[in-house]
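Chemist: What follows is each chain in one-letter form.
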Amino acid sequence: MSTPTQTETTPQSTFARLRDLWNDYLPYWFMAPMVAVMVMITFFPGAYDLYLSLVAEPTLDVFAADFVGLRNFETAFTRGGAIHSFIITITVVVSALLLETVLGFVLAALVAGVGSDRAKSFYRVLFIIPMAVAPVSLATIGRIMLNSEIGIIPYVINTGTPFAAPSFLSDVPLLTVILLDAWNWTPFMFIIFYAGLSSVPKTLIEASRVDGAPMWRRYVHVIIPYMKPVVFVATLIRLIDLFRTFGVVYGLTGGGPGTATQLVSINIYEQMFINNQITVAAAIAIVYLVLVVALCNVIIAKVGFEGVWD
Amino acid sequence: MATTDGDSATASQRLDKDTREKLVTVVRHTILLTWSFIVLFPLYWLASMSLKPPGQANSLPPDWIFLPTVYNYIQLFQDSGFVAAFANSLVMVSASVVLVLLIGVPAAYVLSRYDIPMERDVLVWILSSRMLPPIAVVLPFFIIFRELNLFDTRVGMVLMYVSINLSLVVWVMKAFFDGIPETLEEAARVDGATQFQGFRKVVLPAAKPGIFSVAIISFIFAWIELLFGLVLTSFEAVPVTLFVYSFIGSRSIEWGMLAAASTAMIVPVVIFLIAVNKYLAAGLSFGVVIKE
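Top line first, the protein sequences correspond to chains A and B. Residues 104 to 413 in the working numbering are what the first sequence spells out, letter by letter. Residues 1204 to 1495 in the working numbering are what the second sequence spells out, letter by letter.
No lab work stands behind these hints: they were computed from the structure. Possibly wrong hints are sitting among the right ones.
To be verified - Short, incomplete list of chain B residues facing chain A, as computed with Cβ under 7 Å: (1) 1239; (2) 1306; (3) 1331; (4) 1333; (5) 1427; (6) 1429; (7) 1473.
What the hints assert, rightly or not - Result set (EDC-like, lysine to aspartate or glutamate): computed pairs, CA atoms no more than 20 Å apart in a straight line: (8) A:405 with B:1324; (9) B:1404 with A:127; (10) B:1220 with A:314; (11) B:1404 with B:1394; (12) B:1225 with A:220; (13) B:1411 with B:1385; (14) A:223 with B:1224; (15) B:1220 with A:309; (16) B:1404 with B:1381; (17) B:1411 with B:1381; (18) B:1404 with B:1389; (19) A:305 with A:220; (20) B:1404 with B:1385; (21) A:405 with B:1322; (22) B:1481 with A:220; (23) B:1404 with A:123.
Claimed, not checked - Computed spacing ranges between beta-carbons, pair by pair: (24) A:314 with B:1222: 20 to 26 Å; (25) B:1232 with A:397: 40 to 46 Å; (26) A:139 with B:1390: 31 to 37 Å; (27) B:1477 with A:314: 35 to 41 Å; (28) B:1286 with A:361: 35 to 41 Å.
Don't be surprised by glycine CBs; every beta carbon is placed ideally from N, CA and C.
Please take these sequences and the hints and turn them into a complete structure.
Modeler: Here is the structure:
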């Protein structure tokens, strides 16, 4: 019997070695693509925005660029309308977040208390539907229903009430944006709060009911504290997404009238593609990036993730 | 104290409680039905406008009763631009969902099962990709896409859609994997399976509901995205959102067709949402709420 020769074993052991390499380093293989994509979508844009914000004109050779210090930032905040757009954005984010959180919680609590299971699931399915509406479609709905000439809502207000309808898109554009966003995204809060309420242990509620505490006290002292992690995650995710708002405003008012609804994202877009001020746009983007990421990190650090995972 | 007094007191109290509960029920359903109306009326209005014949679409007082016509839809689907954009979106968004699952699910598995150094920081870093406002991100990509000839290509758009959803997939799937007992894979390994086989044949099937729901949520977020299409495409890779927007942008708005296009965008998403409504909460809340 001849022993296996070198040529016979080599291909097999190469394959085995590769398989071992795959299995031994599995976590690394599994993580690598995600890390690569994450580097691409987090570090690269930040670094490039920073570069753009510091130069007079972008050039192919990054190091040959004409660096101008903080001039672009100065332009952005003196003539670029950056301060105004930051204030507008914060107004929209805070009001919409408050409105959606309160409305979502109240609706969830009301549905959770419905007696019949069929009615419950009817409401639950119905209430999530606005989430299916794309910002563009929402802008369409707004434009059709709120239009001063053809809109059903001004028509109903004018004919059915003693009040004259405001021109929603020009008199109260910011309020209109906030209300439309609340229509669109209250379902998000609703569905998470509803699931959270359903996960509160029955025994906990029973115990407080036996004590004879009125309903509102049951919520304040038992249910809401128990749901703190749920409320925290829901509002944080919604907060993050509110800073992304673009499509509905772009389609509804395009930032106008004037600059009344010029959110930071609209402002950056206009500086970039309408005014052709790419470097000024980058300066605003940098400030926005830093503010949003810092704010979210402060919230996460402050509230902590205790009870949110592990 | 007379017993009769006490009895009548409790009886009247009970009666009070009954009427109060009935009142609470009435108020509850009044509010819920009002909200149902608020939810449904705009959708009804959009759909009815898309089904009205031209001329009747924006007459006031509104024609509550009208003969529905699919005229607007026929016009819409004869417009080669809409069909191309709709098909574009379908292809690009589907491809991005497959890709984001291939990248995100294994990573989530590792984050759930292994001791990763600074795991919390890694997870916050991943979430931070969602904190970056797309408008701030899109400018560098606009320039790099031109250099790499990815501008106005489907491949480029697929990459952008992946970037929107990656954090969502990783967070949601980590929560799902956390909920699957590790003993499952240990048993498989005792039977001689490799680590990878354990993942593929035991863990993945158990996580199927999570993967299914996160796939659909990712689909929706990519489907409704406007900004990347606006900046990174011009003709070839135009998504349906951008096409619908072009109606709004035009000088004289064709309301009927605009309503039809907007309705056509909503319908598939509504069907998806209702299909996953059971898993939706668990998915969106990143594992804080495990089950109803």
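Chemist: Does residue 1381 (chain B) sit within 20 Å of residue 1411 (chain B), going by the straight-line distance between their CA atoms?
Modeler: holds, 14 Å
Chemist: Does the alpha-carbon distance linking residue 1220 (chain B) and residue 314 (chain A) stay inside the 20 Å limit?
Modeler: holds, 16 Å
Chemist: Within 35 to 41 Å or not, the Cβ separation of residue 1477 (chain B) and residue 314 (chain A)?
Modeler: holds, 40 Å
Chemist: For residue 305 (chain A) and residue 220 (chain A), compute the direct alpha-carbon distance and say whether it is at most 20 Å.
Modeler: holds, 17 Å
Chemist: For the restraint on residue 1331 (chain B), tell me whether the closest CB of chain A is nearer than 7 Å.
Modeler: holds, 6 Å
Chemist: Taking only the CA atoms, is the gap from residue 1220 (chain B) to residue 309 (chain A) under or equal to 20 Å?
Modeler: Cα-Cα ~17 Å, so holds.
Chemist: Does the alpha-carbon distance linking residue 1404 (chain B) and residue 123 (chain A) stay inside the 20 Å limit?
Modeler: Satisfied, since the Cα-Cα distance of roughly 19 Å is no more than 20 Å.
Chemist: With a cut-off of 20 Å on the C-alpha distance, tell me whether residue 1404 (chain B) and residue 1381 (chain B) pass.
Modeler: Roughly 17 Å separates the two Cα atoms, so the pair holds.
Chemist: Take the C-alpha atoms of residue 1411 (chain B) and residue 1385 (chain B), compute the straight-line distance between them, and say whether it is at most 20 Å.
Modeler: holds, 16 Å
Chemist: Is the hint on residue 1429 (chain B) kept, meaning its closest Cβ partner in chain A is under 7 Å away?
Modeler: This interface hint holds because 4 Å falls under the 7 Å limit.
Chemist: Does the closest beta carbon of chain A sit nearer than 7 Å to the beta carbon of residue 1306 (chain B)?
Modeler: holds, 5 Å
Chemist: Between residue 1404 (chain B) and residue 1394 (chain B), does the CA-CA distance stay at or below 20 Å?
Modeler: holds, 12 Å
Hint compliance for this structure: every hint is met.
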